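Enquirer: Below, each chain spelled out in residue letters.
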Amino acid sequence: MFSLEGLTNSLQQWLNAHLNPTWVLVVESLIVILLAIALFAVLGLVLVLMERKVAAHMQIRLGPNRVGPQGIFQTSADTLKLIMKEGLTPDGSDKFLFNLAPFIVMIVAMLLLAPIPFARNFQIWDINIGVLFVSAVSSISVIGVLMAGWSSNNKYSLLGAMRSGAQIVSYELSAGLSIISIVVLTGSLRLSEIVASQQDGWWLFKGHIPAIIAFVIFIIAVTAETNRAPFDMAEAESELTAGFHTEYSGMKFALFFLAEYINIFIVCSVGATLFLGGWMPLHIGNWEGFNHIMDYIPSSIWFFGKVFFLIFLIMWFRWTFPRLRIDQLLNLEWKYLLPISMLNLLLITLMAIMGWHF
Amino acid sequence: MRTEAFKEYISSILPTASYDESGEWLNVLVTPADWRNLAEKLRHSEHKFDYLFCLTCVDWKTHLTMVYHLSSTDHRETIVIKSNLDRNNPEIETVSDIWRTAEFHEREVYELFGVKFLNHPDLRRLILTDDFEGFPLRKDFEDPVNMIKL
Amino acid sequence: MYTETQVIRNNTKVTVDGALDGTGEMVINVGPQHPATHGVLHLVITLNGETIQKIEPHLGYIHRSIEKMSESLSYRQFIYVTSRMDYLSSHINNHACAMTVEKGLQLEVPPRAQVIRVLMDELTRVASHELWWGAMAMDLGAFTPFFYAFREREAISDIMEETCGARLTMNYMVPGGVMADLHPNFQRRVKDFIKLFKAKIHEYDELVTGNIIFQNRMKGVGVLSAEDAVSFGCTGPVARASGVKSDIRKLYPYEIYDKLEFDEVTETAGDSFARYMVRMGEMHQSIRIIEQLIDNIPEGDFQAKTKAVLKLPKGEFYTRVETARGELGVYIVSEGGTTPYRIKYRSPGFSNLSALDHMARGSKLGDLMATMGTLDLVIPDIDR
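Sequences listed follow chains A, B and C, in order.
For the first sequence, the working numbering gives the first residue as 1, with consecutive numbering after it.
For the second sequence, the working numbering gives the first residue as 359, with consecutive numbering after it.
For the third sequence, the working numbering gives the first residue as 509, with consecutive numbering after it.
Bound conformation, chain A alone (with noise of 0.2 Å):
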């Protein structure tokens, strides 16, 4: 059966096969820089596809479908005329930050892509740490978006990027305490480790209310820290035209444009991997015969197919609500979610000393 583990395995022993150690790891390090940036173009090409799909057919149209079959090529071409068109950089703008602010969006986007693990053994870092890790990087690309804001020396850039820090800072709570809450279940950070704990089930029938609790708010704060309606306040394109990026055009718009949809990306699956199991097929208890039917399904296939469901709920959010207010943002955060999740992650502790999970 097709897997990705064996494909990585006799690339190893071939490599280590003809090179000393050394080259070994530079190669295979260029190998996964390569496989990053592919992925990310692939990814960010496909998602801003998926994303204008799925809102055409909520909104009773069609969508692109005049570039390739189905419009399957709109992104592509949409890319190339992004790539064609100029930099411009304000005249008032700090230059150096001005250009750099989307490099670290971007480059934020990939360092998050390290350890989560795409398929059975198949991760390009299995960090002992990896939850914190995942936390603690996807908050400094805040700082990218505050630099956007404050280096544009534009007043809708300015209020997007303090808006947008306002929000993300908040929300980052919530998303912790809810990773954390699985962490308690588990007693690892590691992410194989978490993925292997879902192996008769996954967290989120596991953990009873709680965790279903846990995995609302995260998908809520996640939707937040991604600047994604209806909590894109730092763009809100009716009040701030286009927010912190409102100076930006050609590929350093494109590069804000795809750390957007990178970042969707890997907090779903973050939150797949958490809640759903990652990897893991759909395993009840011992149910052998069901479970071993369930393990057909390349591990791959599975986890991707999560994470596009997570990527398509949070995009159905985006074309069904209207947007927040910032207080009532703020107030959401502070007066519900923080308090919720706090108790909840209260409530799992107890159950996870208990045991009462399954």
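It should be emphasised that the hints constitute simulated quantities derived from the structure, not laboratory data.
Because the structure is a prediction, the values reported are computed rather than measured.
Treat the hints loosely; a few may be bogus.
[As the list claims (entries may be wrong)] Under the rule of at most 20 Å between Cα atoms (straight-line distance), these lysine-lysine pairs were calculated in the PhoX-like manner:
#, chain 1, residue 1, chain 2, residue 2
1, B, Lys-419, C, Lys-822
2, B, Lys-406, C, Lys-753
3, C, Lys-872, C, Lys-727
4, B, Lys-497, C, Lys-576
5, B, Lys-419, B, Lys-474
6, C, Lys-562, B, Lys-497
7, C, Lys-872, A, Lys-155
8, B, Lys-419, C, Lys-576
9, C, Lys-562, A, Lys-155
10, C, Lys-822, B, Lys-440
11, B, Lys-365, B, Lys-440
12, B, Lys-497, B, Lys-419
Following the hints, complete the assembly by docking chains B and C onto the known chain A.
Expert: Chains B and C only, in chain A's frame:
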């Protein structure tokens, strides 16, 4: 009828006002100096003309006429107050603190007819650019660039 | 062109960045090109953080001086220019002008023309409110409603296209009646539309009205009291949401409105949500009017006999009608010639806009979009 009551009431305040009932509504002609006083009385009297629905100006080549259409949410009767202004130095007291809608309408009249509203809180141009010359809605205004004369 | 220093009264200095010296306030320009202004409205907003301190509208970006233009157009011609004022209720604009000329000529409009006019007015009103609904939801960040609104609006545009030959600026009303008879399909198409509307209107409520985020954004935002509404000259749904009875169709009935059964929708809260509910209610009322009339269009002429060249007697004529946005007044001063001596259009949008500063002060920037969205501003109507 109401019209008679209005006439009586206005006469009691302004004996000099002249009336014209040929049109649809009672037209009252007052001098610019009397207008402010009358406006306040009309707004706060028992007739309660609280709704100024149209404020404009007409250029009669010899003079300008301010036209105020007043109505009330109580009795829904309408009266029209007119006031003739000197064309070279048109000045009239503002009523923007009595009917707040007048603030914008007076600014519009100010820039299109050149009528100065005394004590207006913010008499700036609303529509035209700051360096625009002339008053477009006056009859003698000629715009060689944009206006097509028929 | 205005400079920022002129905007600020009391001589506060504005720095190059547009921040007010020493106050921590910031001046931003919303418009003339901005996604939420739906046209070339320019608002200069003084912000303290996210809180609005002051809003100053700057108009004129689409001012075509229709009033001056009309002075050199004949009584048949000037009507067509008015379609371009409030382009979303162009029928009603034309109607007002035609009625003013008829008032001057003391012309009796045939019953068939009256019914056709009212039908067209109400269809326009529904179309206008549909567009407002979609655009307002888009202001609040929900994009999907826009397309739902256009699905129904498209049906109305098709009906208009068949009968009037145009979808937006119809120019269908002429002094004495309407320009052409109804298209044979008209009744069937309108009935189809009513069916479509009734089948789909619940989606509007499900998608937007009942949404908790939407309600939180709208309730208590941009409150306008009844006295202020009257003082600012607000009319239409804006005034009715504050509890002021201002429907010209009820107060000063024209055409056949006094024979029709419909309710004047009023709310008392005066906030954005009340304005929203008034407009939603008005759509139902308009459909009710159309239902009463669509099977009862009298036979006969669609236009009264008029002279080729119209001459209004010396005098002043004022007509008011209820457009989708409020009270439109047409004030014609005639010197007895073939062209009006002076025309004034009292546009509802202009007065409604003047209340914006009062309504939005002290609220957040996001609230401004809700307030502006429910004022339903059409910029060419404000600028004329």
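Enquirer: Each of the hints needs a verdict: does it hold here or not?
Expert: Now for the hints, and whether the structure bears them out:
At roughly 17 Å between alpha-carbon atoms, Lys-419 of chain B and Lys-822 of chain C fall within 20 Å of each other, so this suggested pair holds. Only pairs whose Cα atoms come within 20 Å are accepted, and Lys-406 of chain B paired with Lys-753 of chain C is accepted, the gap being roughly 16 Å. At roughly 14 Å between alpha-carbon atoms, Lys-872 of chain C and Lys-727 of chain C fall within 20 Å of each other, so this suggested pair holds. Using a Cα cut-off of 20 Å, the hinted pair Lys-497 of chain B and Lys-576 of chain C holds, with the two alpha carbons roughly 9 Å apart.
Distance restraint check for Lys-419 of chain B and Lys-474 of chain B: the Cα-Cα separation of roughly 17 Å lies within the 20 Å cut-off, and the hinted pair is therefore satisfied. For a cut-off of 20 Å, the pair hint linking Lys-562 of chain C to Lys-497 of chain B is broken: about 36 Å separates their Cα positions. Restraint check for Lys-872 of chain C and Lys-155 of chain A: the C-alpha separation of about 16 Å stays at or below 20 Å, so the hint holds. Only pairs whose Cα atoms come within 20 Å are accepted, and Lys-419 of chain B paired with Lys-576 of chain C is accepted, the gap being roughly 15 Å.
A C-alpha spacing of about 16 Å is found between Lys-562 of chain C and Lys-155 of chain A, which places the hinted pair at or below 20 Å, so the restraint holds. Restraint check: the Cα-Cα separation between Lys-822 of chain C and Lys-440 of chain B comes to about 17 Å, which is no more than 20 Å; the hinted pair holds. About 14 Å separates the Cα atoms of Lys-365 of chain B and Lys-440 of chain B, which keeps this hinted pair within 20 Å; it holds. With a C-alpha separation of about 7 Å, the suggested pairing of Lys-497 of chain B with Lys-419 of chain B holds against the 20 Å cut-off.
Comparing the model with each numbered hint stated earlier shows that hint 6 is the single one that does not hold.
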